[in-house]
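Novice: Place chain F on chain Y using the hints.
Protein chains in written order, with our numbering: chain Y, 5 to 298; chain F, 23 to 241.
Because the hints were derived from the structure by calculation, they are not lab data.
Any given hint could turn out to be false.
Said to hold, decoys possible - Derived list of chain F stretches under chain Y, where covered just means 3 residues or more per stretch with a C-beta under 8 Å from a C-beta of chain Y:
| no. | segment |
| --- | --- |
| 1 | 66-73 |
| 2 | 87-99 |
| 3 | 111-124 |
We put the beta carbon where it would ideally sit given N, CA and C, even for glycine.
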Amino acid sequence: MRTLLYLFKTAFKDLWREKWINALTVLTISFALLTLSTFVLITLNIDLTLKEWSRGFGLLVYLKDNLPAEEKNLLREYFKKDTDIIEVNYISKEQALKELMQTFKEMSPVFEGIEENPLPSSFELKLKREALQPAHIKEKAEHIKQIPGVEDVQYGERWLSSLSSLLRWMKIIVIILGSIIFTAIAFVTYSTIKILFYRRAQEIETLKLLGASRSFIRLPFLIEGLFIGLLSGIIGFFTIFGLYELLTSRIIEFLPSIKGTVTFFSSALYPVLPFTGAIMSLIGSIFAIGRIRY
Amino acid sequence: MIQFSQVSKYFNEFTLKNITFSVDKGELAYITGPSGAGKTTLLRLIYRAEHPDEGSIRVAGWDVEKLREGAVPFLRRQIGIVFQDFRLLPNKTVFDNIALPLRIHGFHPEEIKDAVTEVLKDLGLRHKANDFPNSLSGGQQQMIAISRAMVSKPILLLADEPTGNLDPDTSATIMRLFREINVRGTTVLVATHHRELFEHSGRRVIHLKDGVIEKETAG
Chain Y
5 MRTLLYLFKT AFKDLWREKW INALTVLTIS FALLTLSTFV LITLNIDLTL
55 KEWSRGFGLL VYLKDNLPAE EKNLLREYFK KDTDIIEVNY ISKEQALKEL
105 MQTFKEMSPV FEGIEENPLP SSFELKLKRE ALQPAHIKEK AEHIKQIPGV
155 EDVQYGERWL SSLSSLLRWM KIIVIILGSI IFTAIAFVTY STIKILFYRR
205 AQEIETLKLL GASRSFIRLP FLIEGLFIGL LSGIIGFFTI FGLYELLTSR
255 IIEFLPSIKG TVTFFSSALY PVLPFTGAIM SLIGSIFAIG RIRY
Chain F
23 MIQFSQVSKY FNEFTLKNIT FSVDKGELAY ITGPSGAGKT TLLRLIYRAE
73 HPDEGSIRVA GWDVEKLREG AVPFLRRQIG IVFQDFRLLP NKTVFDNIAL
123 PLRIHGFHPE EIKDAVTEVL KDLGLRHKAN DFPNSLSGGQ QQMIAISRAM
173 VSKPILLLAD EPTGNLDPDT SATIMRLFRE INVRGTTVLV ATHHRELFEH
223 SGRRVIHLKD GVIEKETAG
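Isolated chain Y, as found in the complex (with noise of 0.2 Å):
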């Protein structure tokens, strides 16, 4: 423990001895991190725009018309029996011109002089949310399509498309951006561990002379890549949440309704920039130091 004490003592004199070097070394490791983050947070605001559109998906199922109650009846059970589908509302014709007319109150006179209801009666079905692939989709709305008794299936294919495609690109660029990045940071951390540790060959050489044990010298520089990794995601984290209240609060100003709409990581993410930092920073560290031969 005493030992311990006295060897993070040296890690931080040695780290500010070495301070340009090593601040050079964060703040390169911090924009990687600040990169990173947006990135994810981007995809992340993307993925809980798409749930959120999701809650209210569904398809519309089209009747023909004067389809007897029998039928509607085995339709309404064969959707309830579908597990994709966690919602089924039936909508009469009647409710169907109710609805309208409730949304275009200003052109109610073009409703009164229509004679007879034009519009079908059609089951609204909500699908969960594992169902939402457009592909999927696509394939149940034609499926749906060759029932006897359905005219029709529409639902928002090309929003939920390119939302979906989206969201799968913006995962793919985090996946690829975060394992370069990742592999940056270790490699940052490594160079500067490198340089630190040939700078201080000949104290390394005397402390092998004097009988310290490999963990003696190697645990400084194992500290300092620490450190390091670990400030390096702090600043990088204070800087993105920095960002994201300025950027938020600026884009609020012109547009109110997107408040509430855009998120930041839960708190519980929080440490995760720092520990990811610390953790390849530290892997870095002990690839640069290799192994202490006597």
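Specialist: Chain F alone, transformed into the frame defined by chain Y:
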């Protein structure tokens, strides 16, 4: 304390060839010879900075050749080593330089403070405790280096040309210090090419030439 049995070491050509000698516990002995005779290599073999190509070496009961790499620090903690170029850490104070072996051993800070203060007092360098090595004279630096080697009370002290960079008066002081250390019970082996340091000392002198023991004499 030290036993060399038919030890050979070669890099491109033989540096040491068929060396057999021993140093008893509590002895003060010298190794001498011209530059390149193999004195430094011989000392490096003792603290296992080099491996012998042939023969066996025992130091303080340890079979040095068979020692696991992880056990090397434990061997070295039994040995104090003094170099011609002092090898003090320039970014650490005199106090911290001397305290280093005690920190490696894991001593309590209070014990370290007491031990280092006592050593500095003995040397008359207490006022230099917070100075950095580069601000000291060569003689003072070597005295600090010897203190560092001795502060953890090793059973064996090795000195490789300890007076190589010092004037005759300081060299004499350093040699007197080695004799005092020896009187207190530590085995001391000094490698030097300065004949005047061991002449008339009455101690055993091992003469090396071209990697072989030429003769052993009484100084």
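Novice: Could you tell me which of the hints above the structure violates, numbers in ascending order?
Specialist: none
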